[in-house]
Structures are given as C-alpha cells and as structure tokens.
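The primary structure of each chain is shown beneath.
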Amino acid sequence: MAEKEATVYIVDVGKSMGERRHGRSVTDLEWAMQYVWDRITTTVATGRKTATVGVVALRSDETSNDLQEDTSFSKISVLQNLGQVLMPDIRRLRDAIKPSQTNRGDAISSVIIAIQMINTYTKKLKYKRKIVLVTNGTGPMNNEQLEEIQKKIEDDGIELVVLGADFDDAEFGVKEEDKDMHKAENETLLRVFAEGCGGVFGTLEQAVSELEVPRIKVTKSMPSFKGFLSLGDSSKYETALRIPVERYFRTYVAKPPSASSFALRSGGQGQEEAEAGAGQSTSGGEALTTVRMSRTYQINDESAPGGKVDVERDDLAKGYEYGRTAVHISQTDENITTLETFAGLEIIGFVHMSKYDRYLHMANTNVIIPQRANDKASLALSSLIHGIYEQDSYAVARLVAKEAKPPTIVLLAPSIEADYECLIEVTLPFAEDVRSYRFPPLDKVVTVSGKIVTEHRNLPNEDLQQAMSDYVDKMELDEEELPIDDSYSPLLHRIESAVRYRAVHPNDPILEPSEQLTKFAHPDKQLVRKAKGSLENLMSAANVKKVPPKTKGRKRLRETEKPLSGLDIDALLKQEPKRTKISAENAIPEFKQMLSRADSLDIIREAVKQMASIIETQIKHSLGDANYDRVVEGLGTMREELVDYEEPTLYNDFLTSLKGKILGEELGGDRTELWWLVRKSKLGLIDQTTSEVSKVTEDEAKEFFSAT
Amino acid sequence: MADEGYTRDDENIEEEEVDETSFRAVKDAVLFAIDVSSSMLKPRLSEDPKKPGQESPTSAALKCAYHLMQQRIISNPHDMIGVLLYGTESSKFYDEDGERGGDISYPHCHLFTDLDIPSSEEVKELRALAEDAEEARKVLVPSKERVSMANVLFCANQIFTSKAPNFLSRRLFIVTDDDNPHGDSKSLRSAATVRARDLYDLGVNIELFPISRPDHEFDTSKFYDDIIYKTSPSDGEAPAYLQPDTNTSTAKGDGISLLNSLLSSINSRSVPRRSLFSNVPLEIGPNFKISVNGYLLLKRQEPARSCYVWLGGETPQIVKGITTQMADDTAQTVEKTEIRKAYKFGGEQVAFTPEELHALRNFGDPVIRIIGFKPLSSLPIWANVKHPSFIYPSEEDYVGSTRVFSALQQKLLKDQKMALVWFIPRKNAAPVVAAMIAGEEKIDENGVQKVPPGMWIIPLPFADDVRQNPESTMNVSPDALTDAMREIIGQLQLPKGVYEPLKYPNPALQWHYRILQALALDEDHPGEPEDKTKPKYRQIDKRAGDYVLAWSEQLDAAFDKMFGGTAATKSTLVKRGPKDSADSAGGPSAKRVKTEGGAGGVDEEVKRCYEKGTVSKLTLPVLKEFLTAHGRSAAGKKADLVDRVEQFFETN
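Taken in order, these protein sequences are the chains called A and B.
Take the first sequence: its letters are residues 1 to 708, numbered as in UniProt numbering.
Take the second sequence: its letters are residues 1 to 652, numbered as in UniProt numbering.
Please keep in mind that the hints were generated in silico from the structure rather than gathered at the bench.
Bear in mind that the values here come from a model prediction, so they are computed numbers and not experimental data.
Errors might be hidden in some of the hints.
[What the hints assert, rightly or not] Interface residues of chain B toward chain A, partial, derived using beta-carbon atoms under 8 Å: (1) N166; (2) L263; (3) K386; (4) Y392; (5) Q416.
[As the list claims (entries may be wrong)] Which chain B residues stay away from chain A? Per the calculated CB distances, all over 12 Å, these: (6) S46; (7) K63; (8) A128; (9) D132; (10) A136; (11) D215; (12) N260; (13) V432; (14) E445; (15) Q493; (16) Y610; (17) E650.
Ideal Cβ placement from N, Cα and C applies to all residues, glycine included.
Work out the full structure: start from the sequences and follow the hints.
What follows is the structure in structure tokens.
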C-alpha cells in the first residue's frame with residue numbers, strides 16, 4: 001500500500017505572471033502551469049483516494065482563506081482544499097487559474113496557509129507532506145519570523161519546494177541578465193528560506209525540462225514461488241539437496257493503460273451538453289455511456305431457418321474440442337485434464353554456457369534468492385551460484401510454482417555482483433513450442449542437383465563481406481552497457497501523457513511523442529557521420545536494387561513454374577486436346593493455364609467469361625454458404641491473374657455485374673452474406689494503386705463497397 | 001467470463017500470424033497419399049537384435065499419418081488432414097451427393113480418411129489401420145493392375161478443391177517406394193505431369209517422402225522430378241525447396257529405422273511456414289534498406305481453451321458464443337462503429353476520437369532499424385521480456401537482400417556481435433528496442449535442418465519493465481564449499497552439455513490431450529502420465545550422491561565457521577535420516593528452532609502426529625511449513641490443511 005500524500009501547490013497568479021519574458025512564447029503563469037498540471041494530473045492518474053492535493057492562488061484578486069481576518073494574508077485564495085482531485089476539480093481549477101489584476105500578496109504568508117491546510121487535513125496521521133510554491137519572485141515578501149516558520153515546516157515533516165521563473169541556478173546554468181533588484185532580493189530570501197528547512201530551491205526551466213523524462217512507476221514485487229530448490233528426490237534418497245528459495249520478477253512488461261469501451265449517448269443530448277459546456281462527462285465533447293457485454297449461445301441445426309438456433313446457458317456444460325469432436329467434461333471431473341503436480345524447483349542437469357543459444361529465452365526473467373533471513377540457505381545458494389559460474393555452466397530445472405500448476409522448464413544462470421547474488425531464471429521452450437520451419441543456408445547455395453556453390457547472386461562476395469565488416473566495426477556503440485535504463489516504453493508513456501494532457505486541455509490536438517521516447521528510433525547522428533564512408537562503400541558493394549512497386553507481385557518468372565526436371569509442361573498442355581473449355585471441377589488450374597496460353601485478348605476474354613459463368617453457377621447452387629469459400633477462391637484467383645495480365649477492366653466489369661446479381665437476389669435468393677465475405681476478403685474493384693492501367697480510382701473502389 | 005475472452009482476443013492480435021495481402025484463409029490442409037503395393041506392404045525385419053520388430057513401409061507411413069494427426073489436433077486444431085491410399089484393390093470416393101462410397105471414377109484410390117479436421121472416430125479408424133493387422137488386411141490389399149498416377153493426382157485435386165477451398169496452404173504428402181510408376185509409358189507419364197501441373201496451379205504443394213527398396217535406391221530423376229516444382233505455390237517468394245531433403249533423407253533400411261527417419265522427415269514439415277510479418281525493411285544504415293520476413297519459430301503452445309458444449313442432442317455439440325455490446329443506458333445493441341475508447345481518469349473518462357487513438361499508437365511504418373552494434377557479451381542474461389522473432393531475407397522489395405543479410409549474419413557470427421535495433425514489426429505495433437543476434441544453422445543426425453540460419457530479434461526490456469531486486473541476505477560461499485558444488489555440477493551435465501527442447505514434451509499439455517483423447521475415443525484412463533521433465537532421480541543419486549554428502553559437510557563446516565556457536569545448537573545435520581538429510585542442505589534453520597518440538601524436524605513431528613491421529617492438534621504455521629516443504633498448497637482453512645497433510649501420508 002502506497003503512502004498517503006498531502007501536497008499543496010501554491011501558484012503565483014499575480015498580474016506580472018501574465019507577462020511573457022525573455023522571448024518565451026508562453027506567459028510565466030502558463031509556463032509554471034506546465035509543471036503544476038503535470039504534477040497534479042500525475043497524481044490524479046493514480047486514481048488513489050489517499051493521494052490528496054490542494055491548490056492555493058497567490059496574488060489573486062480575491063482573498064479566501066482561513067486566516068483572512070489578518071490583512072497580511074490578503075490576496076491569497078484557497079482554490080482547492082486538500083482531497084482527491086477529480087475531473088470537475090480540474091475543470092474548475094483550469095478556469096480559476098488566470099493572471100489577476102493585482103501584484104499584492106505575500107508569498108511567505110501563502111506558505112503559512114499551506115502549512116495550516118496540511119495540519120488541518122492530516123492531523124497527526126502518517127502522511128507524506130509537501131508544499132510546492134511556483135512564482136516569478138516579483139511580488140512582495142515579508143521576511144519576518146522566517147525561522148519560526150522554518151522550524152514548523154521541519155517539525156511537521158513537510159518537504160518544501162520553491163520553483164521560480166528565471167531564478168538563477170548556477171548548477172543548471174540559468175542566469176537572468178539585468179535582474180531586477182527586488183527580484184534578486186526575493187530569490188535570496190526564498191533560497192535561504194527553503195534550504196534552511198531542508199527544502200529544495202530551483203529554477204522553473206529545470207523543472208519543466210525534467211518533465212520530458214518519463215517517470216517510472218516502481219512496483220513492489222511479490223514472490224511468485226516460495227519453496228525448495230532441490231537436486232534429487234528427498235523423499236527417496238538421502239543424498240538429495242534442498243535449499244529454501246524465493247522467486248521474484250526481474251523483468252515484467254509494464255502495460256500501457258487500457259481504454260474501456262463506451263457508446264455515444266443516444267439522442268442529441270450529448271451535443272447540447274457539450275455546447276453548454278457544463279456537465280459533459282468527457283473531454284472529447286461527446287457524452288458517453290458505458291457498454292455492457294451480453295453473450296448468447298448458438299448451435300448448428302439444419303432444420304432451423306438460417307441453420308442455427310439459440311440455446312440456453314443452463315443447458316451447456318464445460319468441454320473441449322478434440323479435433324472436430326466435442327468432449328464434454330462433467331463438473332465433478334473438472335480437473336481431470338490437469339496434470340497432478342507439486343510445487344518445487346528441481347534441477348534436471350547442467351549445460352555449457354557457451355553452448356546455450358540466447359534466443360531460447362521464452363519469457364520475462366525472474367530472480368531466485370535464498371529464503372529471507374536464512375543465512376544457511378543463502379550460503380548454500382551462494383555455493384551453487386559460484387559453482388555454476390566457475391564451471392561456465394547454467395542449470396536447467398523443472399519449475400512448478402504452485403501445486404497443480406503446469407510444470408515449466410527453466411534456465412538458471414548465475415548473477416554475481418559486489419553486493420548481490422542470485423540466480424536469473426527464464427523459461428525454456430518445450431518440444432511443442434519449437435516450430436521447425438526450414439530455410440536454405442546463408443553461406444552456400446545448394447543447387448537442384450545437390451552441388452554446393454559458394455559464388456552466387458544470393459551470397460556476398462569478398463568485397464561485400466569486407467565492406468560489411470568495416471561498417472559494423474564503425475557503427476560500434478561506445479557505451480559500456482545496453483541503454484536499458486534510459487529507454488522508456490514509448491507507447492505507455494505516450495498514452496499516459498496524452499490522457500493527462502487531454503484532461504487539462506480538452507480542445508488541443510494530441511501531442512507528438514516526446515524526444516525521450518523516440519531517442520532510440522534512429523542511430524546517433526555523430527555515429528552516422530563517423531560511419532558515412534563505410535556505409536557508402538557497403539552500399540556500392542551490396543548493389544541492392546529496390547523493386548519498383550509496379551513489378552512487385554508480378555507473375556513469377558517462367559523458370560520457376562517448371563518442375564525440378566525443367567520439363568516444359570506448357571508444351572504438353574498445348575497438346576491436350578480437351579482443354580479448350582474450362583471444366584467446373586478443375587476450374588482454377590484450367591483458367592490459369594488458358595490465360596498463360598492466350599495469344600490474344602479474345603482468349604483472355606473467353607477465359608474470364610467461362611470462369612465467370614462457373615462462379616455464378618457455384619453461387620446459384622450453393623446450399624446456404626456451402627460453396628462460398630470456393631467462390632471467394634475463384635474470384636481471388638481471377639483478380640490476381642487479371643492484375644498480372646494488366647486486364648483489370650475484365651475483372652471490374654464482372655464484379656460489377658456480379659454485385660448486381662447478388663444484391664438483386666438473382667443467384668438463388670439472399671446472398672448478402674457472400675457479398676460481405678467478398679468485402680472482407682478485399683476482393684473489390686482493382687483500382688489504380690493496384691494496377692496502373694485501371695480506370696477505377698481508389699475512392700471509387702471504396703465507394704463500390706459502401707454503396708448498396 | 002465474456003469480458004475475459006474479450007481482452008484476451010485483444011492481446012492475441014499482436015501475435016497472430018497474419019497475411020494481410022491474401023484473400024485466402026490462413027489454414028493448412030495435409031493429404032497423405034500412401035502407396036499400397038506389395039513391396040510397400042512387405043514387412044522389413046529389424047536388423048538390430050536389441051530392438052526386434054518389423055514394419056512395412058506402408059504401416060510406417062500410416063503410423064506417421066496417425067502420429068501427425070494426433071499432433072496436429074494439439075498444435076493446429078483448425079487445420080485439416082486426410083489419408084488417401086492408392087494402388088489398393090478397393091476404390092472409395094465421394095458419391096454423387098458428396099458422401100463417400102464405392103466410386104469407380106478413381107479406380108484403386110481409396111479415400112480412407114476424408115480431408116477434414118479429424119473427428120474422434122477418424123482418429124480411431126486410422127489407428128486401427130496403423131496398428132491392427134486384422135483391420136488392415138481388409139483394406140490394404142494391393143490391386144493387380146497398376147494405378148494411374150494421373151488419376152491419383154486428380155483425385156487429390158478434387159479432394160482439395162471441394163474440402164479445402166481457399167486454404168492458404170494445401171499439401172499433398174506422397175509416400176512411395178516406386179520411383180518409376182509408369183516405366184516407359186509416355187502417355188501415362190505425360191498425363192501425370194499435366195495433373196501435377198494442375199495441382200501446382202491450384203496451389204497444392206506436393207511433398208515427396210521417398211523410400212528406398214532394399215535392393216534399389218530411390219531415384220527422383222526417373223519420374224518425380226517432373227511432378228515436383230521448385231517453389232512452393234503458397235510460399236513462392238522464398239526459395240523454399242530445400243534440395244537436401246530429397247537427396248539425403250530418403251528413408252531406407254529396416255523397418256524401425258525407416259519409421260524413425262520417416263517420422264523425423266514428416267515432423268520437420270508438420271507445419272506449413274507462415275510468416276509473422278513480411279517484407280519489413282531492415283534498415284542497416286540511413287538510406288540503406290533490405291527486406292526481411294519474420295517468423296515465430298518459438299512460441300509457447302497452450303492447450304486450447306475450454307468451450308461450452310450443448311448436451312441436448314444425440315451427440316454433444318460445440319456451442320458458438322456470440323458477444324453483443326449493449327449501451328448501458330438504453331440497453332440497445334451498439335454497433336462496432338459506435339464504440340468509443342476512453343481512459344478512466346479522475347472519476348470520469350478522457351476520450352479520444354478513433355483517429356486520435358490511431359495516431360497515438362503510430363510510431364511510424366514497420367521497420368527494423370539498426371542503431372549500432374555491440375559485443376554479444378553486453379547482452380545481459382536477464383534482459384528479456386518475451387520470445388524472440390526469427391528473420392530471414394526476402395528479395396521481394398529489394399533485390400540483393402539475401403547477400404547483404406548473409407554478409408551481416410556471417411559478420412555477427414564471426415565477431416560475436418549483436419545489433420541494437422528499433423523494431424516495429426507491423427503497422428501500429430508498439431515499437432521496442434531489441435537485440436538482433438545471428439543464429440547458426442543446425443542439422444540433426446538424419447541430416448534434417450533443426451534450426452535454420454538467420455537472425456533473431458530479442459525485444460529488450462524498457463526501464464519501465466525492470467524490477468528492483470528484492471532485499472536478500474548474502475553470504476558468499478567460501479572456495480572449499482564452491483569447489484564441492486563444482487564436483488556435483490561436473491557429474492550432472494546434460495548430454496553434450498546442451499538443452500535440447502525436442503527431448504522435453506510439455507507434460508501438462510500432453511496429459512491434457514491424452515485425457516481428452518481417452519474421453520473422445522472411449523478408451524480407458526491412461527493411468528500414469530509420462531513426464532520427461534522429471535529429473536532422473538536415480539541417476540542423480542548414483543552419480544552425484546557422494547559429492548552431495550561431501551558438499552553438505554562443507555556447508556556445515558563453513559556455516560559453523562561463519563556463524564560460530566549459534567549454528568552448532570541449531571544443527572542436527574550429522575545424523576541423517578532419509579528425510580532429515582533433505583533439510584540438512586540449508587533447511588530453514590532459524591524457523592526450525594522455533595517449531596521444533598524435540599530432536600526431529602517438522603517432518604518427523606508431523607509424521608508422529610499423523611501416526612497418532614493428532615494432525616489437527618498441530619499449529620497452523622507447522623502445517624503450512626510442512627505442506628510448503630512438500631510442494632503442496634498451503635492456502636485455505638486449517639481443516640483443509642489437515643486434510644491435505646493426511647492425504648500426503650496416505651498416498652506416500
């Protein structure tokens with residue numbers, strides 16, 4: 001459970017805060033609010049009730065605080081008492097925080113008010129207390145009784161942060177030229193005041209620039225396994241070895257926040273509300289209502305209209321598919337398919353470090369550490385860690401994290417640092433997890449006759465190898481370690497910051513990702529400059545040619561259409577007397593072959609005509625959706641071939657006529673489901689992006705599907 | 001429940017193997033065409049006296065088909081498989097109305113298992129054929145006249161055309177020992193080559209599993225080189241036809257080795273190659289790109305999720321669940337286009353338009369961009385978050401990709417280097433920083449490729465994904481103790497010092513399907529599960545037992561030395577009962593002192609109580625410690641724990 005928090009932000013809203021200085025595009029107040037909003041919305045994003053925030057306006061037009069009887073507390077307004085900040089508060093604060101018409105109001109007094117707020121709210125309870133004052137330091141400041149206030153801050157355990165626009169900060173490198181005398185005095189006063197009570201004094205520029213660096217949520221890990229790391233079976237052999245250990249995440253992917261589904265609120269109501277600017281429930285200008293899932297269950301029933309009937313949830317039992325057979329499992333046997341296992345981490349054997357292929361890592365990693373406060377366990381585990389390490393080995397073990405959980409096989413690798421020792425554990429693949437797809441070798445080419453060739457257009461020659469070697473060496477990264485610590489999940493942080501930004505600025509467009517997030521999207525410029533010559537050499541040695549999009553996906557070379565022997569099948573096909581008419585049962589091959597033999601446009605036309613009539617017959621005779629897949633295959637083949645033969649119009653004309661017939665229910669009744677399938681399979685009109693000779697534009701092709 | 005299913009689908013999108021360009025269904029259909037001739041039926045005796053047995057090539061092929069069928073039910077539950085016997089006396093094909101029956105349009109072609117997702121009956125029938133000689137004798141009768149290969153091929157064509165229309169991958173596995181079925185008959189040969197071409201144009205890939213006869217080496221040049229094509233029609237881009245297969249993996253020899261080499265050869269082709277992403281640019285430097293395809297060679301295979309079964313009819317039927325989304329206020333169905341995504345924030349929702357959401361997820365087009373190189377040793381063993389992707393060059397977008405890729409792969413292999421890359425596998429996928437490492441080709445003892453050559457992309461954790469190490473006690477092992485451990489490690493190397501995944505089937509997955517199979521086929525309960533992941537306890541005891549005892553003494557000595565007198569009182573390690581010695585290796589000494597009643601450990605105490613029937617008198621911490629120590633769940637009420645402890649003794 002995270003600690004309770006009480007933070008009061010004091011925002012200087014004096015008249016002078018409305019000015020733009022030193023060529024900045026934003027006013028001092030806008031600048032300060034970049035920081036304050038970021039902090040507040042970060043707190044809101046946690047959704048924690050106990051992360052409370054208060055907001056005080058300094059140098060406000062009005063006066064509204066608990067000590068306002070005393071005139072030294074005038075022009076200070078409490079805008080938000082301590083509590084959980086929600087969206088309505090954010091909207092209210094956004095409207096309330098504007099530059100005022102006054103420059104009066106004492107900054108030190110505002111700190112006293114903030115202390116008061118915290119005291120009232122937190123009483124003596126355990127809280128993380130904090131006051132953040134953001135100002136440009138041009139207002140009046142009373143230097144009386146500072147020590148007393150400092151003592152109070154320290155006694156109450158409050159952390160004070162003072163940030164100022166254009167405050168001098170030698171360390172960060174900010175120095176305001178021609179600084180106003182009064183401001184210089186104020187700066188000194190604030191610095192002494194803050195640093196005198198253990199607080200922080202800084203310049204706003206630094207605070208805002210640090211917002212760029214994403215903040216990482218620290219998650220406390222819980223052990224995912226507590227038990228014995230063992231070697232041998234202790235229930236049967238007295239030579240078994242057991243060490244009590246615990247297992248924790250070493251890495252675990254932090255997921256971006258997930259969005260929930262909503263529906264637009266029915267009726268124009270949402271619009272009105274949005275226009276009225278009040279009560280709208282989202283920042284997007286649309287009123288949303290939550291979405292519920294409802295599930296119904298269907299089975300196939302040929303006698304029913306549509307071939308399917310609904311069944312009741314109560315008539316269903318749990319089961320599994322075995323092939324296409326349903327296997328039902330009664331409730332009493334619910335765990336019948338679960339393998340009986342008991343928790344434990346058991347060593348199977350050891351492997352050589354150098355013979356382990358790093359790509360076998362299947363998942364996130366964990367650490368295995370000795371049982372807490374058990375010196376003997378830690379000593380025993382240490383001997384294993386060092387033993388494995390000195391033997392240049394890894395251990396392979398079987399892990400069952402909890403009783404009845406499926407076993408996994410894990411690799412245990414030693415990790416030895418000056419002040420920390422553990423085993424790194426990672427899941428290894430089982431036999432079923434390995435898919436054996438085969439690929440030709442990369443360092444030689446084996447010809448059809450089985451001859452091994454080492455010079456080939458697919459193999460690098462010596463020049464290319466040398467050029468590649470030089471380039472790789474030139475592009476070596478200097479840093480000692482991989483940049484894991486300063487690489488941040490781009491999607492996670494982009495969405496989080498977009499949500500926070502949108503909450504405060506509902507009408508602004510979304511922002512580009514911050515530079516920090518895309519730091520590793522491109523190689524370092526300096527490195528690229530250094531390697532420029534090598535890259536040029538490499539490119540000329542490589543002689544890579546981009547395939548023009550026009551010929552991409554074009555019919556494969558004739559050569560590859562021959563069997564291994566190289567026999568000319570086309571010649572054989574020509575001799576086949578019966579192949580002048582495409583037969584329905586062998587339509588696709590015969591259609592392709594007729595096209596490849598075509599020596600005139602008339603034959604192509606004839607082939608398409610025959611194929612079209614076969615497809616229409618298939619539709620007409622389809623019982624329900626029985627022939628739909630064949631139809632899609634036929635259409636798809638036709639489309640592909642006619643793109644290749646640069647005759648898109650033939651396909652487009654046929655598809656247009658087919659659409660008419662389908663929608664007109666001329667092909668055996670209602671075939672809308674088929675049309676939907678055609679759409680889903682992206683078998684629409686061939687447009688100009690697909691085939692240059694097409695007369696159909698991309699928009700027309702889209703229109704073709706949407707119009708009914 | 002419904003909700004859960006929904007989010008899971010969302011996650012899966014990332015991993016699905018997609019083909020965005022094709023209208024074809026990403027499914028695979030395999031049809032076995034098994035030659036049934038007298039030479040194929042002739043049993044071959046095992047030459048190995050230790051493994052007696054006999055196997056005919058046909059029965060070996062049927063066993064392979066059965067094995068593949070079983071395997072694919074687990075690994076590819078939506079893919080089809082069928083078995084066509086040819087050269088049989090009997091003929092069997094579809095009737096006019098689509099049912100199977102005695103048809104003479106394809107004489108001597110016997111469609112034994114129709115091409116489909118197998119049903120439990122079909123599994124049973126095929127097994128009976130593969131194992132039961134009685135059954136086999138009826139069907140496996142060779143015909144007296146020669147079967148026309150053109151007919152066989154066209155028969156296969158018709159099966160694919162009608163049963164697996166629009167599949168992305170359709171494969172015909174021919175198993176035969178006859179390298180020249182039509183001899184010199186020119187017309188029959190040319191008819192067969194034409195039918196083979198039809199299959200090629202239909203998109204069916206013919207894969208040959210040749211078997212040599214004892215006195216005759218199978219020669220593909222006699223006939224099959226006219227039947228088989230260089231490129232696979234469904235994977236035309238890749239130079240897929242791997243020559244070594246036909247040359248080196250011709251199955252031969254006696255029955256058992258024939259079966260094994262056939263199995264290994266078929267296994268290596270059990271799944272069609274499907275890409276995870278295709279033609280993604282690999283940007284080696286600014287303005288220097290080649291194209292690669294990505295594949296998932298390693299992916300955790302999970303049991304299929306349970307489903308609902310309707311029991312109202314004669315046979316149980318799988319129910320299709322349909323989820324509709326309803327607006328909460330009006331209870332009206334909401335169409336997909338009306339759904340808005342919003343994030344919960346400050347008690348309300350912060351919404352974005354679909355276009356904005358899309359833009360937020362967009363970090364540019366798919367790319368693998370090299371941002372520099374580092375020694376392979378700089379990749380920490382812990383820096384991992386998920387399984388890797390495998391990449392292999394493609395010539396489709398950039399001609400010359402293969403040679404450049406090869407140069408890079410060889411350089412990285414030779415110098416033990418890795419590339420650091422910015423990796424966006426497909427449109428709108430979240431970018432990751434990844435390590436790209438070179439992988440060597442690996443060949444198994446049968447000459448079949450085990451691991452392909454190429455490169456692997458290993459996504460690295462971001463700073464957000466790295467957890468802090470938990471606090472831990474550290475007592476560095478003294479050299480003598482470490483040395484004692486090294487002795488143990490030295491005794492227990494896995495064969496060749498290598499982890500071989502293929503030796504370890506997933507026991508939970510196999511058991512799940514084993515039970516389902518028994519239920520589906522009405523078999524007896526299979527009894528004990530086979531679990532190859534269990535350590536070989538006897539061997540460990542035999543090989544390392546003495547070293548463990550030596551280590552244990554070292555441990556006690558080191559512990560005494562480091563922690564002095566305090567340890568001496570805690571330790572009863574010298575006397576070892578069978579169970580006690582287990583705890584001796586660093587048992588939870590601190591705790592044990594607290595819970596120990598007398599001289600014995602927790603185990604003894606609990607055991608005593610069990611024998612006296614007073615387990616329920618034990619305290620909760622003792623019960624918990626005992627159960628945890630034995631890998632049992634320690635959750636629940638006291639009564640549950642007592643039950644579990646008693647159960648432990650009853651079954652042990």
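>> Is the claim that B:Y610 lies outside the interface with chain A correct, judged by CB distances over 12 Å?
In response: holds (15 Å)
> Closest CB-CB distance from B:S46 to chain A, is it above 12 Å?
Replying inline: Holds: least Cβ distance 26 Å, greater than 12 Å.
> Should the interface hint for B:N166 be scored as holding, given a Cβ-Cβ cut-off of 8 Å against chain A?
Replying inline: Holds, because the Cβ-Cβ distance from B:N166 to chain A comes to roughly 4 Å (cut-off 8 Å).
>> Minimum C-beta separation from B:A128 to chain A exceeding 12 Å: can you confirm that?
In response: holds (16 Å)
> Going by Cβ atoms, does B:A136 stay more than 12 Å from chain A at every point?
Replying inline: At about 22 Å from chain A, B:A136 clears the 12 Å cut-off, so the statement holds.
> Is the hint on B:Q416 kept, meaning its closest Cβ partner in chain A is under 8 Å away?
Replying inline: violated (10 Å)
> Is the nearest CB of chain A more than 12 Å from the CB of B:D215?
Replying inline: holds (23 Å)
>> If we take the beta carbon of B:D132, is the closest beta carbon in chain A still more than 12 Å away?
In response: Its Cβ never comes within 12 Å of chain A, the nearest being 20 Å, so this holds.
>> For B:E445, is the shortest CB-to-CB distance to chain A above 12 Å, so the non-interface label stands?
In response: Nearest chain A Cβ is 15 Å from B:E445, so the label holds.
> With a cut-off of 8 Å, does the beta carbon of B:Y392 approach a beta carbon of chain A closely enough for the hint to hold?
Replying inline: With Cβ-Cβ at 5 Å, under 8 Å, it holds.
> Can we confirm that no CB of chain A comes within 12 Å of the CB of B:K63?
Replying inline: holds (18 Å)
> Is it the case that B:E650 keeps its Cβ farther than 12 Å from each residue Cβ in chain A?
Replying inline: Answer for B:E650: holds, closest chain A Cβ roughly 14 Å.
Hint violations for this structure: numbers 2, 5, 13, 15, all remaining hints satisfied.
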